[in-house]
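Colleague: Assemble chains B and C onto chain A, guided by the hints.
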Amino acid sequence: MEKPQASHPKSPNELTAVVITVSDSAARGARTDESGPRVAGILEEKGFTVISRSTVRDDVSDIEQALRTAAPSARLVVTTGGTGLGPRDVTPEATRAACDRLVDGLAERIRAAGSAQTPFAVLSRGVCGTLGSTLIVNLPGSPRGAGESLATIVDVLPHALDLLAGKTQHKETTA
Amino acid sequence: MEKPQASHPKSPNELTAVVITVSDSAARGARTDESGPRVAGILEEKGFTVISRSTVRDDVSDIEQALRTAAPSARLVVTTGGTGLGPRDVTPEATRAACDRLVDGLAERIRAAGSAQTPFAVLSRGVCGTLGSTLIVNLPGSPRGAGESLATIVDVLPHALDLLAGKTQHKETTA
Amino acid sequence: MEKPQASHPKSPNELTAVVITVSDSAARGARTDESGPRVAGILEEKGFTVISRSTVRDDVSDIEQALRTAAPSARLVVTTGGTGLGPRDVTPEATRAACDRLVDGLAERIRAAGSAQTPFAVLSRGVCGTLGSTLIVNLPGSPRGAGESLATIVDVLPHALDLLAGKTQHKETTA
Numbered sequence: 151m152e153k154p155q156a157s158h159p160k161s162p163n164e165l166t167a168v169v170i171t172v173s174d175s176a177a178r179g180a181r182t183d184e185s186g187p188r189v190a191g192i193l194e195e196k197g198f199t200v201i202s203r204s205t206v207r208d209d210v211s212d213i214e215q216a217l218r219t220a221a222p223s224a225r226l227v228v229t230t231g232g233t234g235l236g237p238r239d240v241t242p243e244a245t246r247a248a249c250d251r252l253v254d255g256l257a258e259r260i261r262a263a264g265s266a267q268t269p270f271a272v273l274s275r276g277v278c279g280t281l282g283s284t285l286i287v288n289l290p291g292s293p294r295g296a297g298e299s300l301a302t303i304v305d306v307l308p309h310a311l312d313l314l315a316g317k318t319q320h321k322e323t324t325a
Numbered sequence: 151m152e153k154p155q156a157s158h159p160k161s162p163n164e165l166t167a168v169v170i171t172v173s174d175s176a177a178r179g180a181r182t183d184e185s186g187p188r189v190a191g192i193l194e195e196k197g198f199t200v201i202s203r204s205t206v207r208d209d210v211s212d213i214e215q216a217l218r219t220a221a222p223s224a225r226l227v228v229t230t231g232g233t234g235l236g237p238r239d240v241t242p243e244a245t246r247a248a249c250d251r252l253v254d255g256l257a258e259r260i261r262a263a264g265s266a267q268t269p270f271a272v273l274s275r276g277v278c279g280t281l282g283s284t285l286i287v288n289l290p291g292s293p294r295g296a297g298e299s300l301a302t303i304v305d306v307l308p309h310a311l312d313l314l315a316g317k318t319q320h321k322e323t324t325a
Numbered sequence: 151m152e153k154p155q156a157s158h159p160k161s162p163n164e165l166t167a168v169v170i171t172v173s174d175s176a177a178r179g180a181r182t183d184e185s186g187p188r189v190a191g192i193l194e195e196k197g198f199t200v201i202s203r204s205t206v207r208d209d210v211s212d213i214e215q216a217l218r219t220a221a222p223s224a225r226l227v228v229t230t231g232g233t234g235l236g237p238r239d240v241t242p243e244a245t246r247a248a249c250d251r252l253v254d255g256l257a258e259r260i261r262a263a264g265s266a267q268t269p270f271a272v273l274s275r276g277v278c279g280t281l282g283s284t285l286i287v288n289l290p291g292s293p294r295g296a297g298e299s300l301a302t303i304v305d306v307l308p309h310a311l312d313l314l315a316g317k318t319q320h321k322e323t324t325a
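Residue numbers (our numbering), protein chains in the order written: chain A, 151 to 325; chain B, 151 to 325; chain C, 151 to 325.
Treat each hint with caution, since some may be false.
If several chains are the same, the list does not tell them apart, and a pair holds so long as it fits within one copy or across any two.
Listed below are the simulated SDA-like cross-link pairs for lysine to any residue, each with C-alpha atoms no more than 25 Å apart in a straight line [as the list claims (entries may be wrong)]:
no., residue 1, residue 2
1, 317, 181
2, 317, 178
3, 317, 205
4, 196, 267
5, 317, 209
6, 196, 212
7, 196, 269
8, 196, 243
9, 317, 210
10, 196, 266
11, 317, 195
12, 196, 318
13, 317, 268
Since the hints were derived computationally from the structure, they do not count as laboratory data.
For reference, chain A alone in the conformation it holds in the complex (with noise of 0.2 Å):
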């Protein structure tokens, strides 16, 4: 139980990932989504493979089971919406409800990144978690907000995959 492998049979060594953006304007066809494509963008640049992107409205359940069914295919599964204070911004209580465990510290990263450029980043709700060996990472829905927070954690996750795919021989040297 000490290694266990990660379970996305088809890329056990790429880095994948999926993008859901969260948003009711957008999930019924009324606006164009240009974060999800920007998110997914800078994963690429980064070495990613997106093996999809898709919509969901604001709603607790829908994006819970999103996540619940989007973790299983990919390494990393990353959000862009729902983070603020709207009275339908309901992403991050999805993803606490999803996830098994947190991770607070990439937040808190993105967030504290966010207050150099705009002090209404601390207003952005965002979590981070894990669901089983996926990483879940909650963004902004502005297309500039998404792509600097991301920008903000982007090249800590590949390490951060494989800690959380048991694939390092220096686990308990780094954490």
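Modeller: Below, chains B and C alone, put in the same frame as chain A:
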């Protein structure tokens, strides 16, 4: 359901606030409450109308009840006191119990700014969150700590309350 | 009830601590534990009496039980290990289960300071909290990470323990 109105019939467009001092000794009249008036003063300088101030003892049920009673009457509820490590300090626990969503970034910001003043700021356990369309903010109990903490975040509060009331045309581009 | 005494009959005024190393390999004797002794050494330099050190495997129930057993005997319980993203890293989950109150600011401070050393500090999921009148602190598992993290917060711990024991005349002016 996309843009629900705030549930504060008397003041849909006004910046209304309630200030609650959490303190055993202030609640029984054994100590003059300096922090509540200071918090109220700062809010009024920033354009808020403080519709009431009250005092409650350091009891988790009493505090939660005070928050639930105050929320429908104001867009912002600010507490001062009970956020430390003392055996009776349970304001954060009562606030978590009352809130339906947490806004971790506001509490992180208060502590990060406080750490520039004193290393003991890390011991302040205050949380922030939403209850319906009302924002709840925990501040420390000392007049100086409460004032400095509020000053750190007060300028983002009007925008936060607009988002919370669904009053932005650009909700999806900011979070 | 305003100023209850600490429940540590043998050492009401002494800075007592227990150090727990969380590691499968150290628990079964396959690896020499360097982090536990390093943590204990730092605490003793700062005036703490380390009344015991122990090792527990990366099992959430075992860790929670170890925390509950240790708390009544010391004012401070420090763990090292099990805070990362490895499949067996569950020290934060056990700590949350054991604690009756969280002290988020200490964990935030450890990560913020660690981020100046390595970008991977954001992946440390350690939490801090209180169990009765005992403070529990999670540190990373590497000797260096544990030592640096503890050094970041060790100077506020005596004051934290005084507050926790109700031993300050000015409790209400500091938090």
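Colleague: Of the hints given before, which are not true for this structure?
Modeller: 6 and 8
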